[in-house]
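Student: Here's the letter readout for the chains.
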Amino acid sequence: MKAILKAATMALALGSSTLAMAEPIKVGLITTLSGGGAGLGVDTRDGFMLAIKQSGNKDITVVTEDDAQKPELAVQIADKMIQSDNVDILTGIVWSNLLMAVVPGAVAQGKLYISTNAAPAALAGEKCDPLYFNAAYQNDNLHEAMGEYANKVYKKMFIMAPNYPAGKDSLTGFKRYYKGELAKEVYTQVGQTDYAAEIAQIRASGADGVFVFLPGGMGISFMKQYAQSGVKIPVIGPGFSFSQDVLPAIGDAALGVKASGQWSKDLDNEANKKFVAGFQKEYNRLPSLYALQAYDAAQLILSASSKASIKDVKAFAAALNKADIQSPRGKFKFNNNRHPIQDIYVTEVVKENGTLTNKIVEKVFTDHGDAYAKDCKK
Amino acid sequence: MTFSLVLEQLLNGVQLGVMLFLMAAGLTLIFGVMGLINLAHGSLYMVGAFACAVVAAATGSFWLGLAASLAFAAAAGALMEVVVIRRLYGRDHLDQVLATFALILIFSEGTRWVFGSFPLYLDIPQLLQGAVPLPGGTAYPLYRLAIIVTGGLVAIGLTLLISRTRLGMRIRAGESDREMIAALGVDIRTLYTLVFALGSALAGLAGAMVGALQSVQVGMGEPILILAFVVIVIGGIGSIKGALIGALLVGVVDTMGRFLLPQIVGLFMSSAQAGPVGGAIASMLIYLLMAAILAIKPRGLFPAQA
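Just so you know, the sequences run in chain order F and A. All the letters of the first sequence, read from the start, carry residue numbers 1 to 378 under the UniProt record's numbering. All the letters of the second sequence, read from the start, carry residue numbers 1 to 306 under the UniProt record's numbering.
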């Protein structure tokens, strides 16, 4: 009798634990796979899938769709994924304007959203949500780091960004930490391809440093033209302007540029080696910041799925919030607004075996959160 | 504000104008001769840039790339004309817009299919690297000067071609009366294909030259296509001279606007606000210019057929 009881309890315990493990989870990955910004979306998807593959977890299925960098399309896809695909978690959006269109609706329907990149200020402060997590950073972070770095190196900065919300956030973030003199603050058109007029102003400004936030093709155009202009004032910027996806297209014109990042492929830790080597083996190219961020988002889901059932969204969110992962960036934990607290580094563009890449020069911030967390009460 | 800064900005404006002229010339020729609105002109610009980048990467020579861009864009244009465009001459403009818009999507996704989503690398040839000194102690990139010279040569060449050669005569005849020229025994189909290939080659040349300065990526043609349309509307549709003047006007006004407006706005408000506000007005400036010119001259500055 005793033996039977023991066996029965064992079986029950085993049964219930395997039940929690085997809970299938459906993830909806909405990202940009066509149009000019597709490079970022491809890296996001590949980084995410790499983590799932490395884990060997068969309970997580991922549905991927292309948002073509259009907010209205992203909203349609999100609705479809929630209503007919029955996804439990949404992720993958690269751009802040698309994220703003999707997240409020998704969390209102009780779905989790884990951002792999976009992190607008609006969702980090007062309007934060218990179901919205960010595995990347808060948008201002990398700009703040460059502001702090510029304090040490430069006296008079020329700063420039595209004229749209993320561009204004960028210069605001930079100025939050930069205490020196501003030579000039210039806003360019979004998607602008010719920077001759701005370069002429840099030449005439008398600045000793230039900070630019020009993501994607804009940064490629600017750097190539700047290198030809004969202006020798050093350029610095946030990491995503000089990420692995754009460096080959900029070419040697990017050499020596200092940028900020919460990760670099040369960070010395086991998780990073596994990530970088795994990515190279799987896709035959170096991973970018976007790939890393998506990789960590997938790791967060994997870790939470071993601790809680997705059927209980609150418990799952609490498990996510523990951030029990080995991030390739080293230390990683969530702030009260569910945005990362992490170290931020300055990197330099160098050439390794004929390939342009970023290398860490120094650490600017240790355990850096963001300026909006204090307003998040939820 | 110094003399040298203004001079540099003027050169920048002229260089942008010359680039726009290469695009607008093809567009306006095709519209003038065939009455066709070709939205896919920006795709030919992209084809030129990609052809140049790929051939330059394979052979190590920018010049071979440049030649390839002309050849590929002309071939793509001729193919497009024979396969699709030829069926559209008799249709109204809405059909043409729809069909050529579809071509944009086909070209974009086709290019992504072949080359992937990441931008390609294309560098300025060794010969044109670096900057040359200008009066006033400043310097100007040699490559941009080379673009200005190339654009000038193309403008002269096109003018001579149209006013002095037999082909040019036929083009002009085709512009004024296409039934009559066909009745006189000129092979109008071949003429159309030739004109289309010529316009495409110019777009390809522009794409290749700009590709070395900017990022060679899918979708690079559409922003410049919009500007090229503004140019031909300002210049008068169908007129090469109008395209040249319109392009220079748009180039200089846009560059000077981006440079001067934030400073002018800065006289009235704090510098933190002046940047975004000035920038916003500057990006509207060429459209305001277009509206103003159309209000005074509804058919543009130099309409082809008065």
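Worth flagging that the hints you see were computed from the coordinates, not collected in a lab. Nothing here was measured: the structure is a model prediction, and the numbers come from that model. Some hints could be false.
Unchecked claim - If you only want the chain F side, here are some residues facing chain A, beta carbon under 10 Å, derived:
#1 Leu33
#2 Leu40
#3 Arg203
Just so you know, even glycine gets a beta-carbon here, dropped at the ideal spot from N, CA and C.
Student: All the hints need checking, so say for each whether the structure fits it.
Tutor: Here is what the structure says about each hint:
1. With its C-beta approaching chain A no nearer than about 7 Å, Leu33(F) sits inside the 10 Å limit, and its interface hint holds.
2. Hint status for Leu40(F): holds, given a least beta-carbon distance of 9 Å to chain A, under 10 Å.
3. Against a cut-off of 10 Å between C-beta atoms, the interface hint on Arg203(F) holds, since the closest Cβ of chain A lies about 7 Å away.
Going down the numbered hints, you'll see the structure goes against none, and every one checks out.
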